[in-house]
Amino acid sequence: MIEANNVGYRFPSAKTLSSGPIDLVVPEGQFVLVTGQTGSGKSTLLRLLAGLVQRHGQGDVVGSALIDGEDAGTMRATDRASKLAFVTQTPEDQLICQTVIDEVCFGLESTETPILEVTKLGSQWLARVGLDVDGDRHSSKLSGGQQQRLVLASAMAGGAEVLLLDEPLAQLDPPGATDLVHQLREMATEGCTVVVVEHRLDELWSAADRVVLIDAGRVVVDGPPTDVDLEPFRDLGLSLPPLVDLNDQLAARGLTIDDLSFSEKDLTDEAAIPSDRPIVLSLPALQHKYDGADTLALSTEPMCFRAGERVAVIGVNGSGKSTLLHQILAHGPKNQPGFSIMVPQNADLTLFNGSVLEELSFAPREAGQDEPSALKAAHAAADALGISSLLDSPPHALSKGQRVRVAVAAAMSCHPTMMVLDEPTAGQDGDQMHQMLDALALGLVDGLLIFATHDVSLALEYATRIIILEQGLVDFDGPPADATNRLKDATPWITFCHKVGVSIRHPSQFIEALDD
Amino acid sequence: MTDSRVKILLLLMVGILAITLEQPHSLGLLAVGTALSLTRSGIRRQWLKRGMLVVVALVWTTVFSQALFYGDQPRTILVKLGPAVFWSEGVEHGLVQSLRFIAVALGGVALAVSTPPDRLLLGMQRLGLPSGLAFLTVTALRFIPTVGSEFLIVRTARAHRGRSVWRRSPLAWLRLELGLLRPVLARTLRRSRALAESMDIRGFDASTARRSRRRLHWTPLNSAQVTAGFIITASAVSAKALYTLYTAGLAYHPELRGLYGWVRNWL
Chain A
13 MIEANNVGYR FPSAKTLSSG PIDLVVPEGQ FVLVTGQTGS GKSTLLRLLA
63 GLVQRHGQGD VVGSALIDGE DAGTMRATDR ASKLAFVTQT PEDQLICQTV
113 IDEVCFGLES TETPILEVTK LGSQWLARVG LDVDGDRHSS KLSGGQQQRL
163 VLASAMAGGA EVLLLDEPLA QLDPPGATDL VHQLREMATE GCTVVVVEHR
213 LDELWSAADR VVLIDAGRVV VDGPPTDVDL EPFRDLGLSL PPLVDLNDQL
263 AARGLTIDDL SFSEKDLTDE AAIPSDRPIV LSLPALQHKY DGADTLALST
313 EPMCFRAGER VAVIGVNGSG KSTLLHQILA HGPKNQPGFS IMVPQNADLT
363 LFNGSVLEEL SFAPREAGQD EPSALKAAHA AADALGISSL LDSPPHALSK
413 GQRVRVAVAA AMSCHPTMMV LDEPTAGQDG DQMHQMLDAL ALGLVDGLLI
463 FATHDVSLAL EYATRIIILE QGLVDFDGPP ADATNRLKDA TPWITFCHKV
513 GVSIRHPSQF IEALDD
Chain V
33 MTDSRVKILL LLMVGILAIT LEQPHSLGLL AVGTALSLTR SGIRRQWLKR
83 GMLVVVALVW TTVFSQALFY GDQPRTILVK LGPAVFWSEG VEHGLVQSLR
133 FIAVALGGVA LAVSTPPDRL LLGMQRLGLP SGLAFLTVTA LRFIPTVGSE
183 FLIVRTARAH RGRSVWRRSP LAWLRLELGL LRPVLARTLR RSRALAESMD
233 IRGFDASTAR RSRRRLHWTP LNSAQVTAGF IITASAVSAK ALYTLYTAGL
283 AYHPELRGLY GWVRNWL
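Just so you know, the sequences run in chain order A and V.
Counting from 13, one number per residue, gives the positions in the first sequence under my numbering.
Counting from 33, one number per residue, gives the positions in the second sequence under my numbering.
It should be emphasised that the hints constitute simulated quantities derived from the structure, not laboratory data.
Just so you know, these numbers come straight off a predicted model, no measurement behind them.
Even glycine gets a Cβ: it sits at the ideal position worked out from N, Cα and C.
There's no promise every hint is true.
Cβ-to-Cβ under 10 Å is the rule here; a few derived chain V residues that face chain A [what the hints assert, rightly or not]:
| no. | residue |
| --- | --- |
| 1 | R132 |
| 2 | D150 |
| 3 | R158 |
| 4 | L159 |
| 5 | L168 |
| 6 | T171 |
| 7 | R174 |
| 8 | T178 |
| 9 | A189 |
| 10 | L208 |
| 11 | L213 |
| 12 | T240 |
Chain V on its own, in the form it takes in the complex (with noise of 0.2 Å):
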């Protein structure tokens, strides 16, 4: 099994990378990447295929919305339907920030399937993150799928004790779904109550590091893979800063055109 550590570290650096890159193809390649990572997390293929539908809505989405209400010039008509417009630099942008989400989103959802929580708590404080935020993440990373079930329970129970949602108005519609947190919420808090007093009388301690009967296992492979992932984190950060400084007109060098080049159209 990789080390936590070294899954936090890549994880942290498709963040960078995320922010870094704004080409609509090396994000692609990105989130690519993240979706491979995900494939081979562990993950049942059921959850694989709902999360497919679920990245192909945000990209449609995004997409369409920042077609219609891009805002900023110069930018060019796409469509023309009616009075509505779609802008071609509306779908270009929804599409990088669409990339740039599911990228590191995917890349988060394979850490957490594939890493037992003993084993990310324990990397995140071998790599210096306090002990009680590190327990924070952990544990929030753990109840998501049982705040979904849980939300699942409640709009059953409110299907069976009134009339279809499509049966009302909009308003009273979202009164009345806003009011199906109210059971998640109170459940939620008392667990959490329940499992800080657990914690509690079991001697946890957030201010002092924990000790762990655990150990991680660091090997050469580990260090060639977080290597080459920072070589190409720090390359493609270094040539955007060397770019953004030329752009700005702050510093050219004119050995370095082919540079600029090549990050104005994959970077």
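Bound-form chain A, shown alone (with noise of 0.2 Å):
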């Protein structure tokens, strides 16, 4: 059981308390989902439950967190490695040891577990955290996804009957968050009491028994997902599971789900990218082979881009995303400074300057205009993500989903030819997603916008084609409507969709084609 009394943390230089104070109990046993906006508190929650502001934070921690009526920041290391497990969104930093097999004992070999029994517990984990992968294998190697279980198993395996995740969901494919969220609900009915923060609420929704929304700091819904009242998370921008949201609206118009009926034609489509568009850019056969692997990593025919087009390449973690966008942006053409930009999926590494200002005016700047243009550009992209109370700030003192932004907003300020971004929305909340996605379709009206996801529904309804990969192949290449038919089981809003027969849209659209 977790108890936290009146719980919250002030950080150095602020005068007030930055998260809590908060009080919570979670029962054994118990699934809850915690939510919010990007810097609402709700990681700082995690860490302080699970004791670690108390030990290495360097700001004031008020009231107490009790992990089975024990102080989780005065807890002996043994006891917390058998007792809690905490897994944040970056599984890669949090991977200690080489191998995977060691990777898996290290938490077993700290706690009373006999020395002899600790890989085959360990082999254990991996199999039932679905990781069938050689012991020997190098974790570095492994997909996010994998990467993520194996955290998973390495945290729990200690014999954890607390389990705290920070945005688990964050690098996984739709069928690897299907997969992960099943398993935590095995865990919470087998005992374990089970915290996970995410914005990616669809997937964890229907799985929790508790959902807790979090707003600067405090609580302000706590209640199973059936009975909370949706209107706070609507205000606070955040992103419902479409049916959820779809449904609770249609409920208060005294309507179910059964009464919708719609055509294409009910509800505005965005033309297709006529095909007499410029040609942006003509890749060639490509195929990829990284060092020291077996198979090829990437095999494709000759593609060619259109100006105004949006590809979403999707695809599940390891099929290849990733290697073809860099694929992409090595074949743009070389003589052409300024035509391709790539924001990577650590977007972190391309903030370079002291301050989001100078950053978003970086590109102008150099590209040679005077010190007021290129402010005016700077300001501009900063209007256009949302960030412009974040100019005087140090980039990387943002929050990640800040950070995203402010890299996706100085990449905007080049006005390159050729947008490249490798998972964007990861770490977004709902809007700051739609609103990112909106500036990228208006600042690359006659360019070519390039974005891998693993956000289907989101790339169904703003991509203008698709492309689906799967093992390194092209599986699929085409307009949205055409691909929905393929994926009309990655989650349960596109299944909806499929079966009404219509494109994927916000549920805001069906409500808005429904009033009219």
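Using the hints, put the two standalone chains together into the complex.
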């Protein structure tokens, strides 16, 4: 059981609490979903529950967080390993050892488990989380989803009864996310207490016993997912599970989903990109193999991309999405500086200036614009991405979601012909994701936008062309309407839209059409 | 697989020899020895080629700069090109300094490449290094390639958003280059925090020795290797000590004249 008694945290330079005070009791075997906007204090709450802030934070902690009646901050090291598991959204940063089996055994070696049983127990945990790889394989060679499973197995291997996860779905493809949620649900059913902080609510909503909404460090909604008031979630711009959202809005009008009857003509759809638009990039047949690998990471036929296209590259973890993006970038014209730009998965690495304003005005200045024009371009990019209030902040002091938006805004300020984004929506809440994609669609009307994402619904909603990769091969390349047939089982929302017979859109568009 | 303790001890001996030896040919021999161990470490051929280029560049630049700026006396002119004078003692001094560094560096790389981190950690702990310090060393070694690849990503991002590095003043170039370290450092700090938290939650305690399911196997061959290394190192250090006592005028034994001559020519 977890007990947070008026627990809160004040950063060293802050005068008021940045998070809390929060009272939260999570009984044994309960599965709790904690959500809120980026920077609302969710991760700090999770770290307080794990005792990490108490041991490593520089600021002040008020109240207490107890795990089975014992203070999480002062718990003995061996007790921590056997009672508590904590997993963050960046599994690659949590990998301590070189090989898979060493990783899963690391925590066990800290407990009082007989040393001769450590390997056997570690292997059992790998099997339990569905990680079917050679134990001697380098953990750095695993895909993001496999690393997430490995970190989960490693954290749980010590026999933890309390599992705390910070955005565990951020890097997972839909099947991987569904698998993980299923496992977490099973663990909770078996008596493990599970607290998950997440923006991706679609996969977790129905699995959780309880949903907690945090705003400005305080709990504003707390209850079972079937009973909670959804309005505060909408007010904060969070992405509710679309079916839950639609059901709720229909119920307010005295309707149910079965009352809906739509056809494509009832809903405005963007016209497809005409085939006579100029070709921006012609890609030859590609084959790419990584050093030391036995198989090809990518093998594609020639492709061409036209102006105005928004291309979503989707596929499971390890299917070759990032490899394709890098190859696309590498095949851009060499003699046109500023033609293309990429925001990689780790967008932090593209932020090398002292403030957000410097970051956004860097490219215009480098392009020879005078100071007022460069600043104007920077402000325009900041407005488009909703980061105007952050212009004076050092980029690396911002939250992950904010840093990604700064990186995208900095890329937009270059006015490239082709922009390539690798997982730009990871860590963003609902409104921010839509704002970013709206801004990109607007900023690249005559350019080419290519983005890789795990958010299939978002891809189908925003892209004009979908490329589905499977084991390095292009499994599908065509318009979203045709892709929906192939992806109809990817999420409940896509299944619903497919069943109703319309292309993927936001629930609010159904309601607008209904009201019209 | 050779016991990691053997490799650590041999590297320690290479370090002692690198400090003790002063002749280019003996230091060259030591460097060749560690280079051979590197070729047998399983390092990728591509990396080996790049490493050798770095070695050649390092020797060349050190020798060149020392030849040009050597200030000790006596010194003799090797070549005079206008106002630039290259000193022959400087060439030798540069060679000695670069070979010292290369011998130890190649040995260190061979150790890091050929030994999985967990075995390296266990080896250090078994040799008495404090658990926290051993872990710190192994973790730092493990993340060197990661930090290197991240730096390349930052440079690529900068290249996409700006002019060529050559098209700006040297001061602006330097400022920009230093700025590129910012994201790498921020990322490293974040990674360090995540790693520290991960270790903390999994019960790692730097103040106590860790248990390990791994076993190290010290074989008779390992004993022979360490003994041979120890005899060579101890002999070189002892001979050098006797020679130093003689040259300092503190102790002279006529029966050791052969040894003095050998040390002067070879060590």
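Status of each hint after checking the structure:
no.	hint	in the structure
1	R132	30 Å, violated
2	D150	5 Å, holds
3	R158	15 Å, violated
4	L159	19 Å, violated
5	L168	12 Å, violated
6	T171	8 Å, holds
7	R174	7 Å, holds
8	T178	8 Å, holds
9	A189	4 Å, holds
10	L208	8 Å, holds
11	L213	8 Å, holds
12	T240	8 Å, holds
Violated hints for the displayed structure, listed by number in ascending order: 1, 3, 4 and 5.
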